[in-house]
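Residue numbers (the numbering used here), protein chains in the order written: chain A, -10 to 102; chain B, 2 to 586.
Source of the hints: derived by calculation from the structure; they are not laboratory data. Even for Gly, the Cβ is constructed at its ideal location relative to N, Cα and C. Accuracy of the hints is not assured; some may be wrong.
Selected chain B positions facing chain A (Cβ under 10 Å, derived; list incomplete) [stated by the list, open to error]: (1) Tyr105; (2) Val106; (3) Gln114; (4) Thr116; (5) Gly117; (6) Glu118; (7) Glu122; (8) Phe125; (9) Thr134; (10) Val135; (11) Leu148.
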Amino acid sequence: MKKKSKGAERPVAAVVLRLYVAGQTPKSLAALSNLRRICTEHLEGKYRIEVIDLVKNPQLAQGDQILAIPTLVRKLPPPIRKIIGDLSNTGRVLVGLNLHEGAGGLRARAAGG
Amino acid sequence: MPNRTHSNGHMLASLEKVPTGIKGLDEISGGGLPKGRTTIVSGGPGCGKTMLGLEFLVRGAVEFNEPGVLMTFEETPEEMTRNVASLGFNLKDLADRKKLFLDYVYVEPSEIQETGEYDLEGLFIRLQHAVETVGAKRVVLDTLQALFSGFSNPGILRAEIRRVFRWLKERGLTAVVTAEKGDGTLTRHGLEEYVSDCVIILDHRINDQTSTRRMRIVKYRGTSHGADEYPFLIDEQGMSVLPLTSLELGQGASTERVPSGVADLDEMLEGKGYFRGSSILVSGTAGSGKTTLATSFADATCRRGERCLYIGFEESVKQLERNMKSVGFDLQPWVKKGLLVHEAWRPTQYGMEMHLLRIHKLVEKLKPRSVVIDPVTNLITGSTEKEVHAMLMRLIDFLKGREITSFMTSLTAGGDNLEQSEVSISSLIDTWILLRDAELNGERSRVLHVLKSRGMAHSNQLREFVMTRDRIKLIPAYIGSGGVLTGSSRVAQAAREKAEALVRQEEVQRRQQELDRKRRALQAQIDALQTEFAAEEEEMRRSIEQEQERAQTLEEGRETMARSRGASPRSKRKAPMAKAAGHGR
Chain A
-10 MKKKSKGAER PVAAVVLRLY VAGQTPKSLA ALSNLRRICT EHLEGKYRIE VIDLVKNPQL
50 AQGDQILAIP TLVRKLPPPI RKIIGDLSNT GRVLVGLNLH EGAGGLRARA AGG
Chain B
2 MPNRTHSNGH MLASLEKVPT GIKGLDEISG GGLPKGRTTI VSGGPGCGKT MLGLEFLVRG
62 AVEFNEPGVL MTFEETPEEM TRNVASLGFN LKDLADRKKL FLDYVYVEPS EIQETGEYDL
122 EGLFIRLQHA VETVGAKRVV LDTLQALFSG FSNPGILRAE IRRVFRWLKE RGLTAVVTAE
182 KGDGTLTRHG LEEYVSDCVI ILDHRINDQT STRRMRIVKY RGTSHGADEY PFLIDEQGMS
242 VLPLTSLELG QGASTERVPS GVADLDEMLE GKGYFRGSSI LVSGTAGSGK TTLATSFADA
302 TCRRGERCLY IGFEESVKQL ERNMKSVGFD LQPWVKKGLL VHEAWRPTQY GMEMHLLRIH
362 KLVEKLKPRS VVIDPVTNLI TGSTEKEVHA MLMRLIDFLK GREITSFMTS LTAGGDNLEQ
422 SEVSISSLID TWILLRDAEL NGERSRVLHV LKSRGMAHSN QLREFVMTRD RIKLIPAYIG
482 SGGVLTGSSR VAQAAREKAE ALVRQEEVQR RQQELDRKRR ALQAQIDALQ TEFAAEEEEM
542 RRSIEQEQER AQTLEEGRET MARSRGASPR SKRKAPMAKA AGHGR
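Looking at chain B on its own, in the form it has when it is part of the complex (with noise of 0.2 Å):
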């Protein structure tokens, strides 16, 4: 009864599955719809029935190399091929290269008169057929109930359509069945009672005037499988379903370090910046400077060489490039490079599921190193608590899954104790800064700090966040008996320390001059008495020398005189002289 594969070792005795291809459904089934087995799938008109058949049939044939075959009971190959042709499936192409057929059956029960027995071999003949000629692992058929219009007899027609699902199981075909919802029942007719080992049920609701898909599987029989109901979505690259939640926490850790853009921000955070693959909430209200934070750091990224994801849902990338320039950012040549890919769409525009979906698509499109969300508040406008938790989750599951950096803003409610108004998302959140009003003396400025910051040990400093011509800075606030000063209250408190330092200073400055002077006059006095003893010295020493003279002219007077009278003068002329000049010194 159960196929037993050994491809999957772990899987050996339970149902083989295989794969549909389509992103999302393969996850939350466990690999696929049962190998061999028929699944029903149950939807209301418009749920995306038949999207999810053909989608099968289609990524079985070029994916899988699964030939199929599509048996219409509503559409023609023609209008079915014209309806997929959107979605980029070729299927004329697919028919041509035999790797699908396709059939339209048509019951239109005003030209039918029955007399007598019958059955539907016919169905059959066709099937078979069709499956002979593709050489078909896949059937989709769509939409089976629409036999039960062109038949009068039920009898008749429940026989043969369990005997539908009897052929299909033992050609070991792997179908998928399309049904309308009944009321009350999955399916109008009561299809799901022949078969029992695969319902998925499709829904499309309208909440708050935004519509959203859902999927659940109902029934799989042996084996598990989620449960919820999945939202998915149908675009321009066929369907995609959104788990819920990643089943593990199983994400790495990386240690390296991405810069935050703001140099004095890194310095708050270890001087390094966040975590790569983290992910960063920034709250703030309105105008608190969250999307100019979040352009530093998509900025950053882009310096890098990497490539950032900016989804705004604010301003358009014109209107970004615009007003960031006027604080210094010129995104236009990232824009350019294609390093910096901005998506702005409105929030309105679609549920939340959409939103995450299409975030989805775009990250697994161009593989960016970063996103930034701007704000995230937008998305979950109008949804519950518990729903924005979920999605946020899944959203950064998603993100860290593929090591990605997710920065995210988030408007919050002026007056609101903030920590406290976004408790349901903290959890998720690795480092999350705060952006913070400060009232002071008829004047508000911008406060940041980081509120937590997981695996490093950030700043716990209130900052002055400052947006210049240059960029952000961060300028420590100024912290004193009058509490935390910002704005004009910190400058002006400045400009008084700068002018005590002013003061100080010239009186230092004073006093240098006043001892220059001083040691000027000193000097001058020296200088003086100097003056004054050289021309003393100089007075003295004509003194002397006229003394002498004066004692030699005496000493000749005297000699002249002894000559004069007769006396011997050698032997005593000597002696008055050495007297002399003993004398004048």
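If we strip away everything but chain A, and leave its shape as in the complex, we get (with noise of 0.2 Å):
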């Protein structure tokens, strides 16, 4: 687990989820604040958020096969899982990043370690 947190709250991050954008547009910037919403709402701060602009950094691009714009990844826990689109369906999301249910699970799971 890593410990170095840039955007999270805690020091210890269950989940890291990493969101890709292309400059400002407006689904960039939407997908953004959905994110922080759901994350706050369902995962209480034991999450981390990283943000990465293409523009700038485009030979990222390649590692997580990313295509569509915006697309969340979540590195951890593993299996890495990918939601493309502006994060406005909340149960969609929750169901992608699989939290709805094991989201107690992974909490307890940060809780001890």
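Build the complex from these two chains, which are given one at a time in their own frames, with help from the hints.
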């Protein structure tokens, strides 16, 4: 588990989410605010969000196989999951991140570890 | 709109093209793919779409110094690199030298959850990054349609694909986009509706259990192009497309002559042999000596120190060497020196086009001065007459264009009228030699004649074709009241003539001898007479002498008597002596 954190509230993050955007487009901004909202509501600070702007770092798109923008990648816990779109549908985001039912488990594991 | 170029003066107003470097494709497309445009290459699975795209990139990078980007949606760069290593393309090396950028776009529908609005900006960012990294002029997207399986919203997808094409065009990138062929449409997802500059369709067809790849340019806006289906081949050297025919009959005509390797045959061809760069066909039934005649020509080529490519479909090189030794040809030294290159493969190994392509490639590689194809008919089994014609025309055109003398043998079924059965190819042939059987008196012998030979006053004679331990001999057949005699009939006739000659000769000799004998007899008679005369003469002289002695004795007796009588002797003694001599003679 990574100890370093940039935008996260806690040193130990159970969930690491990476949001790929391309510049300050409405879709990207919407995605980021939707993500922040969902995380505060459902993950209670046990998460970390990394935002990668592909306009600035285009070479990073290859690593996570990014095609669609915006794309949210759940880096941790494994396996890697991807959600594309502006994350406006909270239910689908939770399903996509597999946090809906498993959130409690994740939280418990984070607390224990 | 249309790019103006001054490099090709006559194509000033027409579309500028980018050579692909793929053998034959640039020819049929009139120079390559449209510059700065996107070309769709469509076809079923395994028909060579990726290969075309890849070769376009690799040749561009290596031969035309145009770096390229390969964005693949189906294979990882590692897989791709491995796949094409056998074709001699080193993708890794090109990537290391920044001549090629490989990007693998992985689309896995099960891993992607769609929530809300999105676009495929990521694709553009990656493309942009790739193009900028190597300064690409060429782009290949293989296969863009894989996106359709990854994203559920076709509306977004179509808009984005349209944007991709526009994006490529705006940047002046020459692109190849591969697509799966759909039912009744050129591509499964109708990609051609976005791109209408150039569409190429690839096809992989089985005919009589042999597969042939074919290519067709369906559409090429703003330019003339070959519209036919062209066979193509993928082998160790990549892809090659075979243009059906060269467009013009523009070959030069050499007046140089090349001997046939059979002195008697050269004699029938104005004493000089074939024209260099001409096409020679020898047709005949099985066992009529076609291969021997072909070998003879090959041998003559090597003897001049020129290279000969011998393509055999019936015998392996070892067999040919052994068999030809029995008629006095030692091919081994030529093979060792590399002058005789013998290639043998099974005629059923490929389709007709593949054979042709293989020959093309061998000729390009070896640069021979003569090519022997033995027998050419094996190439074309199972094809229609039209196909045969087209194929031979292509082959002969190709060889003539390089001033290579082509020598083909043709196996004809026995009993057919030879001239008739091969009417389909006769127009392509410059020199046509016919070997046929003559059956007479329970014996079969071989007869050769020159059916036609363009541009020379060839002999119209029928000659008997004899294979001896010391190569080929052409013996003038006996032509008499009983028709053409060959084989043992000819030999019998010759023997008869010889016997008659012998009889005549003996008669002459006999007369000669008699004359001699007569002369000798006469001489003997003359000698005898002379001897007789000599004997007589001797006899005469002796009797004369005796007579004289007697006369003298008588005179002396008389003198003695006169003396004894006392008369004067001196005045009277001379008169009787003169009288006696006159009487004796």
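Each hint, compared with the structure:
Taking 10 Å as the C-beta contact cut-off toward chain A, the hint placing Tyr105 (chain B) at the interface holds, the least distance being around 8 Å. For Val106 (chain B), the shortest C-beta to C-beta distance to chain A is roughly 6 Å, which falls under 10 Å, so the interface hint holds. A hinted interface residue such as Gln114 (chain B) counts as satisfied when its beta carbon comes closer than 10 Å to some beta carbon of chain A; here the least separation is about 3 Å, so the hint holds. This hint holds: Thr116 (chain B) has a C-beta 4 Å from the nearest C-beta of chain A, less than the 10 Å allowed.
Given the 10 Å rule on beta carbons, the hint for Gly117 (chain B) holds: about 4 Å separates it from the nearest Cβ of chain A. Interface restraint check for Glu118 (chain B): the shortest CB-CB distance to chain A comes to about 5 Å, inside 10 Å, so the restraint holds. At its closest, the beta carbon of Glu122 (chain B) sits 4 Å from a beta carbon of chain A; the interface hint therefore holds under the 10 Å criterion. Annotation: Phe125 (chain B) was flagged as interfacial toward chain A, and the flag holds, the nearest CB pair being 8 Å apart, inside 10 Å.
The beta carbon of Thr134 (chain B) comes within 8 Å of a beta carbon in chain A, closer than 10 Å, and the hint placing it at the interface holds. Interface restraint check for Val135 (chain B): the shortest CB-CB distance to chain A comes to about 13 Å, outside 10 Å, so the restraint is violated. For the restraint placing Leu148 (chain B) at the interface with chain A, the shortest Cβ-Cβ distance is roughly 8 Å, inside the 10 Å limit, so the hint holds.
When each numbered hint is compared with the structure, a violation occurs for hint 10 only.
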